[in-house]
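Listed here are the chains, written in short residue letters.
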Amino acid sequence: MSLIDQDLAAPAPQRSGQPVRRNTVYRMLIFAGFGLIAFSAVRVISGADDLTSAGTVGAALGLAVPIGMAGLGGLWAERSGVVNIGLEGMMILGTFGAGWIGWQYGPWAGLLSAVLFGACGGLVHAVATVTFGVDHIVSGVAINILGLGVTQYLASILLEGTPGGGSTQSPRIDPIGTVSIPGLDDALQGVERHGWFLVSDLAGILRGLTTNISWVTIIAALLVVATWWILWRTPFGLRLRSCGEEPYAAESLGVNVYLHKYIAVVVSGGLAGFGGAYLAIVAASIYREGQTGGRGYIGLAAMIFGNWRPGGLVAGAGLFGYTDAMQLRNATAVHALLLLVALLLAAVAVVAFIRRRWVPGVVALVLGAVSLVWYLSTDTLPPQVTFMTPYITTLLVLALASQALRPPKADGLPYRRGGGR
Amino acid sequence: MASTPAPAAVELRGITKRFPGVVANRDIDISVARGTVHAIVGENGAGKSTLMKTLYGMHRPDEGTITIDGEPVVMHSPSDAIARGIGMVHQHFMLADNFTVMENVVLGAEPRKGLRLDAAAARAKILEIGESYGLQVDPDALVEDLGVGDRQRVEIIKVLYRGARTLILDEPTAVLVPQEVDELFDALRELKAEGMSIIFISHKLDEVLSVADEITVIRRGSTVATVKPDQVTARKLAELMVGSELPSPETSGSTVTEVPMLAVQGLSLQTASGRVVLDDVSFTIHRGEVLGIAGVEGNGQAELVETIMGMRIPGGGSVVLDGQDISGWGTRHRREAGIGFIPEDRGRHGLLLEASLWENRMLGHQTEAPNARGALIDRAGARADTRRIVEEYDVRTPSIDVLASALSGGNQQKLIVGREMSGDPKVLIAAHPTRGVDVGAQAAIWDLLRAARAGGLAVLLISADLDELIGLSDTLMVILRGRLVAEVDPATVTPEQLGSAMTGAGEQQGGAA
Amino acid sequence: MNSVRRVGLMLAAPALAVVFSLAVTSAVLLATGTPPLSTFQQMIQYAQEPRTLALIVNSATTYYFAALAVAIGFRMNLFNIGVDGQYRLAALITGAVGGAIALPAPLHVTVEIVTAVLVGGMWAGIAGALKVYRGVSEVISTIMLNFIATGVIAYLLTPARLAVQTQGSNNIGTKPIPPSGQVPGIDLIPGSPLQVYGLVVLAIAAGIGFWFLVNRTRFGYDLRATGMSEAAAVASGVNVKKMVLSTMLISGGLAGLVGMPQLLGSSYTYSLDFPAGLGFTGIAIALLGRNNPVGIAIGALLWGFLDNSSQILDLVGVPKEIVLITQGVIVLSVVVAYELVRRYRVVAQQRDVGRELAEAEPPPPAGGGPGGAVPEGVSR
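Protein chains in written order, with the working numbering: chain A, 1 to 421; chain B, 1 to 513; chain C, 1 to 380.
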């Protein structure tokens with residue numbers, strides 16, 4: 001972190017011990033409870049059923065996967081001390097790998113191929129940053145350029161002339177199956193349709209989370225849990241994280257820092273590729289040029305939002321997935337979001353005033369008022385504005401939360417064996 | 001009684017290590033008997049750290065042999081040294097702040113249950129070690145929350161956890177307060193009783209004399225003498241370290257005037273978590289006066305300097321320069337007003353290592369002549385002035401275009417001193433001005449400070465070198481935990497008395513406040 | 001180290017990178033069944049035609065502004081990845097403004113240039129402010145702003161707001177700029193039916209201005225110092241927050257100019273097919289040219305050559321996307337090469353200085369003398 005970042009960051013100690021975790025879980029539950037009430041209220045007032053419908057939630061879950069996987073990849077890399085801006089490029093490679101192999105040999109082969117393609121991108125980044133000590137951001141940007149270029153070139157050679165495909169898209173990939181919890185679908189749908197405050201919303205959310213879940217989504221969820229377990233419960237994970245906190249201390253204890261960084265960055269690329277596989281196989285059923293749409297970067301934002309922990313990352317990915325899903329669906333629903341935003345900002349303002357932080361409180365209040373006025377004075381939002389929702393959300397979240405966060409201490413810093421004091 | 005003496009725990013014979021341009025260790029011979037505390041003393045740059053890195057497997061010697069418990073060994077990495085029972089407690093702690101004590105201790109040697117890390121076993125063993133050697137610490141505490149003494153314990157436990165039989169401690173008391181020093185020495189005696197061998201590197205000669213069984217003196221990369229503590233005095237050890245009569249930084253004749261130049265009043269500073277860093281610090285430095293502030297590293301000196309320079313904003317208090325209140329001014333404004341700054345860490349704060357010498361001459365003064373004219377920089381002026389500084393301050397360099405990183409520490413420091421003096425400052429803040437500098441450059445810098453003082457400069461001198469402080473200061477104060485706790489008379493105080501005051505012992509003896 | 005050796009080292013890295021990249025490109029071509037030599041020959045031949053030469057210079061002019069914008073940030077370790085959004089937004093607004101007003105020629109053009117600089121600067125300034133006041137990494141914020149700019153442009157470029165239907169096509173764009181707002185071309189390349197953008201003059205001026213600002217002013221010194229060592233810069237009195245803001249504003253202002261050669265020199269309207277992605281090209285060229293105006297100029301010309309001469313490849317059955325691989329590999333290998341050269345340079349200098357000083361001094365007496373201690377920067 002530069003001095004200016006240190007200057008602004010308020011040290012918020014992040015404990016890994018037991019008692020505080022209970023506290024945090026408690027707080028999250030209260031937070032979720034209030035959130036649900038707010039959503040429910042806005043739905044009833046505005047009549048925008050899509051806010052909490054199963055369809056939206058299902059879509060949100062689905063769109064959270066690529067973002068979450070990219071973020072998970074970022075987490076692996078940054079926990080080992082390597083900043084990976086190249087996730088977008090690795091994801092692009094993943095979408096291509098899924099499309100090219102997937103249409104010929106089936107979706108599961110496509111999935112594997114996507115991971116391998118992404119991992120190759122990760123390997124290049126690792127070589128540049130770990131072995132050659134290139135600045136992490138520069139290398140990441142270069143990977144993005146290279147990833148796009150390689151993909152476009154390979155597509156023009158390998159996909160030209162294929163049935164239904166061309167240099168910018170692949171032929172159709174067979175779908176990977178979906179899973180539903182039996183029996184819940186109809187029962188919950190009944191409850192949801194009644195439109196009752198709170199209960200119907202809960203039904204809608206539950207239904208969205210338990211019906212028609214792609215296998216890829218399930219694997220993704222397992223990957224998140226696996227990441228948590230590996231990085232926080234095994235010796236390998238401890239060593240990897242130590243490379244991101246105090247690599248020279250790890251070196252002095254015989255940890256092979258270079259090896260752990262390599263593994264982390266290659267895994268990072270593989271995960272980004274996996275995210276790309278979701279986009280190609282599940283979301284679109286084809287590889288299409290430009291289908292990543294910046295999700296690699298949004299994944300990084302989700303990682304930062306989650307304070308470099310898998311649990312927070314899931315929350316962040318969920319948030320961004322939700323906004324991504326909203327802008328693809330009903331325009332009225334997005335319009336209703338304005339009311340929700342107004343409510344949330346009002347709550348933020350109240351909390352700020354309680355803590356006597358006047359300036360942020362006033363800012364939140366003003367923005368909330370603007371949002372409310374905008375809601376009341378228009379009927380829908382123009383599609384270009386809804387297109388911007390995930391990106392504006394990312395900026396807002398980062399702007400509000402950046403100062404309370406704690407990245408791994410040696411994140412982004414160059415490391416050379418034997419270079420300690 | 002055994003018929004043959006037990007082999008030495010560690011034996012170094014003929015160790016030589018070269019780096020590009022210099023020989024760091026030359027033909028070193030040391031023998032550490034098992035179950036003893038063996039001290040290694042030497043001044044800055046004598047080669048002690050290089051030697052210890054060799055012993056710890058961080059690099060290989062170019063010549064010579066290492067023998068452990070009678071067996072010759074070749075070590076390729078710290079893992080090899082650890083496997084041979086050597087453990088190193090570094091001067092600058094190698095601890096991850098965001099990890100718990102347990103995580104720091106077991107890193108690299110984790111107990112396993114299947115694929116999992118067996119945290120319960122780890123905790124149990126740490127508590128056991130704590131009990132056995134009087135090194136109690138909470139395994140689940142976050143290292144960031146621990147004080148310096150506790151962190152050192154964690155470092156020692158780290159080493160014992162891996163079954164070390166030989167401990168190397170590098171300047172262990174540099175950051176401890178007196179109680180903690182006593183606790184550490186008690187722990188060392190326990191360890192000795194259990195058959196551990198301890199190598200203790202220090203430059204605090206009185207401590208060395210009190211705890212060591214044998215002392216080896218290193219000077220300019222070679223072993224000079226190996227003595228027993230009852231055979232020498234601190235003064236004799238110091239002379240062995242330096243190789244001649246100690247250069248005396250004594251000043252003759254007072255040049256102190258009545259004109260106050262820098263008046264600091266009630267400076268207070270707290271960290272975000274509420275820890276007090278500076279506590280109501282007040283002093284005045286007059287023209288022609290050198291105010292020395294003595295203190296163990298980590299008691300607020302660095303923060304005091306940063307606050308006066310405008311790099312930190314205090315919670316309260318004021319800074320007045322030559323009658324003008326500069327409390328709200330930024331760093332650039334303060335520098336332009338006439339504060340010169342020789343920083344403690346020249347590589348980080350004093351120089352642009354990858355820039356040429358003449359560009360470095362401008363650093364800190366890039367808005368004034370001869371470096372700048374209006375909004376433009378004056379290359380010719382800066383270059384000419386750099387040549388002057390190189391000449392006048394005896395900076396050994398083939399040209400002014402070489403990168404700063406290519407110069408030795410002493411020459412870098414001379415450049416910085418020359419640069420800061422050239423701005424005709426009213427006040428000079430000199431933080432550890434001769435740290436990491438060879439003896440010749442050190443003498444030169446002392447002469448420069450004395451000359452400037454005679455010319456009317458007011459100097460704030462922060463140092464850990466007691467001779468430097470006593471010799472150069474007109475007024476001498478002691479800082480402890482962010483407060484100025486004592487003022488002593490440099491003309492009559494001895495290094496031992498000053499050391500006591502710095503570590504707080506002087507408080508109990510009723511030292512002058 | 002003498003200057004010949006120094007210059008040689010500086011050129012070595014990009015040269016190495018280009019050679020390595022050509023090797024990789026050849027390998028890829030061979031792997032897909034295309035003879036590399038003849039491919040390169042085709043490209044070089046095509047490039048020598050006057051029309052292509054003019055196209056190369058024109059492309060290079062546009063790229064030059066983008067690379068300068070990125071480079072000034074890079075000199076300070078600021079990563080302005082948002083050049084893309086900045087220049088497109090600036091081009092749209094400038095197109096709209098230029099089409100809406102009518103002023104005598106020099107004034108009209110000046111207003112347009114100033115508008116472009118202001119819009120670009122302001123958009124970058126948002127990221128700068130977020131960094132300074134909220135600690136948000138400029139890497140992510142500029143990337144997000146790119147997408148937001150796309151949305152804003154899509155919103156504004158509709159017939160209800162800033163756009164009009166272009167005659168005879170389905171394209172929509174801003175109201176065409178009248179002749180008083182257009183910048184005439186220059187007949188720089190003899191025999192070429194195509195003129196070179198008049199704004200190439202502005203590009204050269206920008207390069208000179210960049211060099212002057214960074215190397216000859218106090219601001220430039222502060223900028224370079226902050227990029228080399230933020231800690232030392234702060235201790236020397238630099239106000240890092242002000243520097244970040246100023247640099248982002250300047251960078252954004254330069255970015256605003258990226259679209260000007262095309263907008264004011266050939267298309268006279270901002271329409272749906274205005275070129276995109278030039279920001280990332282700028283990053284690549286800034287890296288290749290080592291953030292130095294002359295290096296960037298050469299890099300821009302090289303890129304222009306690669307982009308334009310590859311147009312011929314489609315006609316001979318080679319996918320022209322191969323140059324994307326060449327370009328990508330250049331970017332990656334040049335940063336690796338620069339790092340290697342830098343390390344070598346530091347070690348070589350230390351060795352040289354040690355040697356020269358030893359030659360200059362008489363050998364120290366045994367055990368004494370001031371030169372015996374270990375130099376700083378070497379592990380003790």
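Any given hint could turn out to be false.
In silico BS3-like links for lysine-lysine, alpha-carbon gap of 30 angstroms or less [as the list claims (entries may be wrong)]:
1) A:Lys-409 to B:Lys-113
2) C:Lys-175 to B:Lys-426
3) A:Lys-409 to C:Lys-320
4) B:Lys-125 to B:Lys-113
Since the hints were derived computationally from the structure, they do not count as laboratory data.
Being a predicted model, the structure only gives us computed values, none of them experimental.
Comparing the hints with the structure gives:
no. : hint                   : in the structure
1   : A:Lys-409 to B:Lys-113 : holds, 29 angstroms
2   : C:Lys-175 to B:Lys-426 : violated, 64 angstroms
3   : A:Lys-409 to C:Lys-320 : violated, 44 angstroms
4   : B:Lys-125 to B:Lys-113 : holds, 15 angstroms
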